[in-house]
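Chains as they are written, first to last, in the numbering used here: chain A, 2 to 238; chain B, 553 to 601; chain C, 6 to 227.
Don't read these hints as lab results, they were simulated from the structure.
There's no promise every hint is true.
Okay, the calculated bits of chain A under chain B, using three or more residues with CB under 8 Å as the criterion [said to hold, decoys possible]: (1) 6 to 15; (2) 35 to 45; (3) 94 to 100; (4) 222 to 235.
Just so it is clear, CB atoms sit at the ideal spot from N, CA and C, and this is done for glycine as well.
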Amino acid sequence: MNLNNIYELRWKVLPPLAGVAMIGMAALALVTAPTEVIEGDVQRLLYVHLPSALASYFAFSVTAVCSILFLLKRDFKWDSAAQGAAVVGLIFTLLTLITGSLWGKPIWGVYWQWDPRITTTLILFLIFSAYLIARKSSSLDSDKSARFCSIYAIIGFLDIPLIHMSVRWWRTLHPQPIIAKLNPALPDEMLLVTLFSVLAVILVAAWFITLGVETELLSQRLLKLRAIAKINISEKS
Amino acid sequence: MSEIGFLFAGFAVFWAGMFTYLVILQVKIRNLQSQIDLLENIIENHDEV
Amino acid sequence: MNLSTQLQIGGKLLNANLKQAWRDKTNWITAGMFAVTALLLYSFAFNLTTGLVRNLLPGVIWTVFLFSGIFATGQSFQHDRQNGILDALKISPIHPMTIYIAKTLANILMLLLIEFALLLGATILFSEPLFTPQLLLIVTIGTIGYTALSTLLSAINLDQNNGGLLLPVLALPLLVPLLIASVEATSASLQQEAGTAPWILLLSLFTIWSTAIATLMFPLAD
């Protein structure tokens with residue numbers, strides 16, 4: 002069984018699996034998981050927040066890998082895949098930021114902190130938004146634009162550790178109000194629920210990525226058909 | 553807002569966001585597919601003529 | 006072609022680029038004028054008598070530098086492309102990296118000239134000692150870092166008609182580490198704190214990273 006055959010199974014396997022996992026995750030996160038002693042019920046946001054963050058990293062790595070593959074193979078299907086994954090990544094980044102601030106308000110007292118991780122996530126969002134804006138503002142079949150955007154995605158992805166490091170230094174070299182270190186180590190039950198949530202959300206992300214890639218591939222195909230139709234009509238007249 | 557309020561808001565945004573994206577994608581794919589079918593029909597018919 | 010011929014050709018290209026920039030004038034005059042205007046606006050907006058300017062200056066200087074840098078480098082391949090020079094260079098045995106390095110060096114020299122002049126101007130306007138060796142070093146390292154990236158981005162941005170508009174949107178998120186490091190280094194240097202060294206280190210790291218990655222990526226870009 003090769004990779005293509007496995008990919009063909011995506012419509013049969015991913016949606017039901019992801020759906021069931023998500024429902025299970027909601028039940029586990031809201032009912033089964035014990036209430037955190039210090040933070041109370043708000044802590045349950047962790048079960049959507051952390052998986053969303055990991056899913057966005059997953060999606061952006063797919064974008065970076067597909068961009069490298071596009072540069073190597075010059076096949077537009079990799080460009081489509083990179084774009085589809087980038088959209089999914091952006092959505093999960095946004096969800097991470099929103100659920101994070103909703104957790105931050107009752108716990109920290111503010112929605113937004115210039116904490117290294119939050120700042121890095123925000124900049125990740127900006128970089129891949131810029132990537133998509135650049136890619137979508139030129140025609141889909143433009144080889145030059147696809148190459149440029151692939152390079153941009155790779156550079157952006159490689160910039161992330163540097164951004165994280167700089168923001169961390171920036172915050173820690175400054176005097177700042179001490180934020181109580183919460184959740185030093187999660188109890189076993191919580192850890193299990195977290196792991197399950199991560200699995201569920203990654204499955205959903207994978208499903209979304211295949212759908213997004215499908216959309217981009219269809220757009221490519223439509224473009225080609227339009228060109229053919231144009232030639233045919235002009236031949237006729 | 554109470555603690556439960558924040559929890560509810562977080563989960564609501566999370567689920568709503570994913571469902572919205574799913575619906576948008578489905579509509580997009582359906583639109584693209586119908587346009588492709590239409591064009592393919594036109595091209596085929598044209599070839600026959 | 007071996008390394009020494011590449012170096013020789015690179016030197017000739019650099020010379021040609023500098024001459025071209027000098028003759029064309031639009032790039033560096035726009036960048037310089039933007040920088041002067043922005044600096045004047047800042048000095049209108051801030052109350053100089055309160056003595057708080059010193060804390061704001063690093064941010065002022067680096068936002069002005071970054072944006073004028075984007076003005077100056079945004080069009081760096083425009084002339085070459087329009088006159089077919091880039092196409093001629095591409096089919097020649099000159100390595101793309103040589104082309105890129107020559108262009109980047111020309112941009113760096115042009116920008117450093119503008120920035121040093123600006124630092125002199127800011128010294129007069131804000132009456133703060135801005136023309137110190139340490140600060141010049143920080144400005145030089147930072148300029149190399151961001152010019153390396155923005156020259157690469159400008160090279161490939163060209164065939165889109167809105168390329169010039171997109172450049173800041175594309176470049177600035179990538180330049181966050183540079184902005185943080187250079188602003189912090191500058192403010193530490195202005196306040197005679199001991200904390201300059203780690204920031205210069207981060208700045209150098211970013212400069213090495215961006216120069217290396219941009220040089221490696223350029224052959225793929227065009």
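Item to complete: With a C-beta cutoff of 8 Å, work out whether three or more residues of the region 94 to 100 of chain A approach chain B closely enough for the coverage to hold.
Response: holds (count 4)
Practice prompt. Three residues minimum, CB to CB under 8 Å: does the region 222 to 235 of chain A make the cut for coverage by chain B? Let me know.
Written response: holds (count 8)
Item to complete: Closer than 8 Å, Cβ to Cβ, for at least three residues: run that test on the region 35 to 45 of chain A against chain B and report holds or violated.
Response: holds (count 4)
Discussion item. Taking 8 Å as the Cβ threshold, is the statement that the region 6 to 15 of chain A is covered by chain B upheld or broken by the three-residue rule?
Written reply: violated (count 0)
Hint 1 from the list above is the single one not met by this structure.
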